Structure formats: C-alpha cells, structure tokens
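**Q** Spelled out from the first residue to the last, the chains are:
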Amino acid sequence: MIEVVYFAWVRERIGLPRERVETTARTVAELVEELKAREERYALAFSDLSALRVAVDQELTGFDASLAGAREVAFFPPMTGG
Amino acid sequence: MIEVVYFAWVRERIGLPRERVETTARTVAELVEELKAREERYALAFSDLSALRVAVDQELTGFDASLAGAREVAFFPPMTGG
Amino acid sequence: MQEAVKNRGREEQGAGERVRVQREDFDPGRELDMLARGATDIGAVVSFTGVVRDLPGTLHYMEIEHYPAMTAPAIEAMVAEAVGRWRLGACRVIHRYGRLKPGERIMMVATAAPHRVAAFEAAQFLMDYLKSRAPFWKKEVAAEGARWVEARDADEDALKRW
Amino acid sequence: MQEAVKNRGREEQGAGERVRVQREDFDPGRELDMLARGATDIGAVVSFTGVVRDLPGTLHYMEIEHYPAMTAPAIEAMVAEAVGRWRLGACRVIHRYGRLKPGERIMMVATAAPHRVAAFEAAQFLMDYLKSRAPFWKKEVAAEGARWVEARDADEDALKRW
Chain A
1 MIEVVYFAWV RERIGLPRER VETTARTVAE LVEELKAREE RYALAFSDLS ALRVAVDQEL
61 TGFDASLAGA REVAFFPPMT GG
Chain B
1 MIEVVYFAWV RERIGLPRER VETTARTVAE LVEELKAREE RYALAFSDLS ALRVAVDQEL
61 TGFDASLAGA REVAFFPPMT GG
Chain C
1 MQEAVKNRGR EEQGAGERVR VQREDFDPGR ELDMLARGAT DIGAVVSFTG VVRDLPGTLH
61 YMEIEHYPAM TAPAIEAMVA EAVGRWRLGA CRVIHRYGRL KPGERIMMVA TAAPHRVAAF
121 EAAQFLMDYL KSRAPFWKKE VAAEGARWVE ARDADEDALK RW
Chain D
1 MQEAVKNRGR EEQGAGERVR VQREDFDPGR ELDMLARGAT DIGAVVSFTG VVRDLPGTLH
61 YMEIEHYPAM TAPAIEAMVA EAVGRWRLGA CRVIHRYGRL KPGERIMMVA TAAPHRVAAF
121 EAAQFLMDYL KSRAPFWKKE VAAEGARWVE ARDADEDALK RW
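Protein chains in written order, with the numbering used here: chain A, 1 to 82; chain B, 1 to 82; chain C, 1 to 162; chain D, 1 to 162.
It should be emphasised that the hints constitute simulated quantities derived from the structure, not laboratory data. Treat the hints loosely; a few may be bogus.
What the hints assert, rightly or not - Straight-line alpha carbon distances no greater than 27 Å define the calculated DSSO-like cross-link-like pairs of lysine-lysine that follow: (1) C/139 / A/36; (2) D/160 / C/160; (3) C/101 / C/139; (4) D/101 / D/139; (5) D/139 / B/36.
Values in this document were obtained by computation on a predicted structure and should not be read as measured data.
Construct the entire structure; sequences and hints are all you get.
**A** See below:
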C-alpha cells in the first residue's frame with residue numbers, strides 16, 4: 001500500500017487530492033502505467049510526463065525512481081512559488 | 001575667485017574645509033600646481049593625484065577639466081559610501 | 001544562557017524560526033528587525049518581498065496551494081545551503097498559502113551577511129530555488145476564468161548559475 | 001487629484017522624497033510600506049540595508065562625512081537612471097551621515113518592479129554606484145586609533161558590469 005498525492009491541475013483532473021493504492025510497481029514509472037490503465041481521467045492527467053514532477057517521500061526525484069520502502073508518492077506540475 | 005572644498009583626509013591634511021582662492025588656473029591640474037606651490041601641507045595632500053578625486057561645481061570630473069565659469073572645486077579621496 | 005533566553009523570547013512571539021509557511025500575513029519591518037537582532041558581524045541585510053500583481057486589473061484573487069509535508073523541509077534545505085555557502089549571519093524565509101488578493105504580500109526572503117555581495121547573492125539564490133523547487137502552485141482566479149500559473153523556462157534556467 | 005493629495009500627505013510625514021540624506025535613523029519597515037503604497041504593477045520589492053560592522057569588537061563609532069551640495073543630486077541622478085533602465089514602479093534611497101555606532105543602520109536602498117530580476121538588479125546597481133560615486137567618506141574611530149576607510153578595487157570593478 002502506498003499513499004498517492006496529487007496537487008494543482010493534476011489533483012483537479014484526477015478529481016481527488018490523495019488515495020491509498022495497492023500496487024506491485026517497483027518504480028514511479030510502473031506506478032504511472034498502473035494508474036493510467038485505471039480510467040480515462042488518470043490517462044489524461046499522466047498523458048505528458050514532461051509536464052509533471054514527482055516526489056517520493058517528500059523528496060523530488062525522477063520517474064525512474066525506485067518505490068522500495070516508499071510510503072508516499074506525489075504528482076504535480078512544475079512548481080510556481082516565490 | 002573660486003571656492004575650493006576639501007573632504008576626508010584631504011581636509012585634515014590641509015587643515016581647513018574650504019577656502020576662497022584667487023587663481024588664474026585654466027584647468028584643475030593648474031589649480032593643483034598653484035596650491036602645491038603654496039605650502040608643505042598642500043604639497044603633501046596633492047602628492048599622489050591617483051589617490052584623489054575631483055568635482056567641479058558638484059560634478060565628478062578629471063584633473064584635465066576646464067575651470068572656465070567654475071564656481072566650486074572639491075578635492076577628496078575615493079568615495080566610500082553605502 | 002542569555003542567548004537562550006533571548007531565543008525563547010523570540011519563539012514565544014512565533015517569529016523565531018528561520019522558515020515559516022503560513023496562511024497569515026506578516027510584517028516585513030518586524031522581520032528585518034528580528035533578523036539582525038542578536039546576530040553578530042552583519043554589515044548587509046537584503047530582503048525580497050513578493051506581491052500579488054494584477055496587471056490587466058481583472059484578477060479577483062490568487063490561490064496558492066502547497067504540499068504541507070514537504071514545503072518547510074524543502075525550504076529549510078535551501079536555507080541551510082545558502083547559509084553555508086555565503087556564510088550568512090542570519091536568514092529568513094516566509095511563504096504564505098491560501099487566497100491572496102492583488103497587492104497582498106505572498107512571501108519574503110531576508111539575508112544578513114558581513115558584506116553586500118554575499119547578502120545579495122544568497123537572496124537571489126533562495127528566490128531562484130523557491131520559484132522552481134519549493135512545492136507551491138499558484139492559480140489565478142480572474143473575471144475571464146481561473147488558470148494555473150505556468151512555470152517559465154527562464155525560471156528553470158535561472159537555477160543554472162548557482 | 002487624489003494622487004496629489006496622497007503625495008502631499010506623504011511629504012508632510014517627511015518620507016515622500018525618493019532620495020534622503022539625513023543624520024537621523026529611519027525605519028526600514030515603514031519605508032517598505034510607503035514604497036509600495038500607491039504604486040501599480042509591482043510584484044517584487046527588494047531592499048538593502050547597510051549596518052555598521054564591528055568585527056574585531058574594538059570600534060567606538062564610525063563618522064560619515066559627505067558633500068552636502070552634491071550628495072542628494074548625485075544620488076538622484078543614479079536613481080533616475082535605475083528607474084528608467086529597469087522600469088521601476090518605485091525606488092527609495094536613504095543615506096545617513098554623522099556619528100554611527102556598531103549595529104546602527106547606515107543606509108537603505110529599496111526598489112519595486114513587476115518582476116524579481118529587475119528589482120534585484122536595480123538595487124545592486126544602486127549599491128555599486130553609491131559605494132563608489134556618491135560623495136560619502138567613512139572614518140572608523142576605534143580603540144587602536146582613527147582611520148579613513150579605504151576604497152577597494154573590487155568596489156570600482158563592480159561598476160564595470162553595468
């Protein structure tokens with residue numbers, strides 16, 4: 001079980017801020033494939049990975065990052081703070 | 001007649017903050033030569049022109065600047081504001 | 001000991017931490033006063049304050065979303081790097097979230113160092129990193145509709161100089 | 001008309017001018033508040049505050065001398081250039097003279113612009129020019145004696161980037 005969190009327009013497209021996901025994915029990329037296979041709104045949200053950023057356990061990382069031991073994965077657009 | 005003004009260590013070496021000078025100098029450099037010829041303290045203050053800056057009528061300029069129409073000449077070390 | 005008492009006094013006022021993520025507004029003048037206090041060997045203090053712009057005059061408000069579990073630790077890591085790299089005597093970052101109207105303050109960075117170049121560079125470093133690496137997202141809600149502010153290539157490029 | 005009334009109100013408080021050379025201290029927070037007020041299209045406010053350092057701990061005070069007839073006009077020219085070049089929405093320079101103790105504020109520059117890069121650059125430009133082109137001279141009076149602060153080559157070099 002892994003906690004998956006969404007922010008900004010990713011959250012809006014998927015329609016919820018967070019969910020617990022039962023997964024056997026070993027990497028973020030595999031998790032994304034599982035999610036895209038679920039429903040159209042996931043496929044839409046993840047259609048262009050270059051427009052997305054990912055954090056595993058609150059650390060920015062890449063889509064090839066391992067999920068071994070991970071408790072939380074967050075997906076969001078490029079940040080616009082400051 | 002021209003008003004000559006001194007600041008910082010130039011003022012301290014010459015021993016006064018300002019004075020009215022009767023001069024026929026056509027440039028700042030000529031005025032400096034006149035002043036140096038006066039007394040030891042002037043010669044000392046003006047011994048190294050590269051350590052001095054000059055303003056004519058409150059505008060920074062060079063030692064070759066003309067004194068035509070000038071009312072005030074100021075001599076001082078490089079500025080250290082901020 | 002005296003220093004400890006002073007620090008406790010500051011924390012009671014809720015302004016002792018060097019990173020704060022909050023919904024409420026803040027007082028830049030008070031932050032600058034607190035920053036220099038107690039710090040030694042400071043000759044230069046630089047501050048940056050970000051304000052909600054409303055160029056076409058149609059913005060109702062800006063909604064700032066963030067990632068609570070990540071925000072403060074991510075900014076704290078940036079601050080630690082800036083403090084070490086430019087040997088800052090003091091540093092403060094405050095970033096708001098929630099609904100902000102045009103003219104309202106969004107955030108503030110303040111740096112204190114012995115000399116001006118270090119204070120300026122550290123503040124710019126922090127701004128560049130906050131822009132592209134702190135988990136905030138801005139949505140503009142205007143007469144024309146709502147839209148998420150897009151990251152600009154220039155903001156990503158700005159990181160390269162550090 | 002409303003703007004004129006507003007400006008008159010500010011000047012009565014003695015803080016409306018964008019360049020001030022004074023013996024008295026000032027309040028950076030109040031200056032920042034005044035700066036943004038009434039200005040439009042501001043997204044970024046940068047401030048620099050210079051403070052008297054006392055690194056070896058032996059400084060009694062710093063004496064700042066200036067050239068009254070030249071100081072404000074020279075700074076005003078620098079501000080006019082910065083405002084034009086970076087299209088600043090507002091700008092403020094305050095510089096003190098006289099006797100200042102360690103920890104006291106010496107001066108402040110504040111710039112307001114639509115974006116952060118312009119506000120930062122304009123503030124750095126003004127600092128670099130104030131350092132080497134505004135007619136101020138600092139004398140440090142310490143336990144060991146008095147000495148005029150010397151200009152540094154690095155300060156002169158800093159002007160080249162503008």
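**Q** Find the hints from earlier in the document that the structure breaks and name them by number, from lowest to highest.
**A** none
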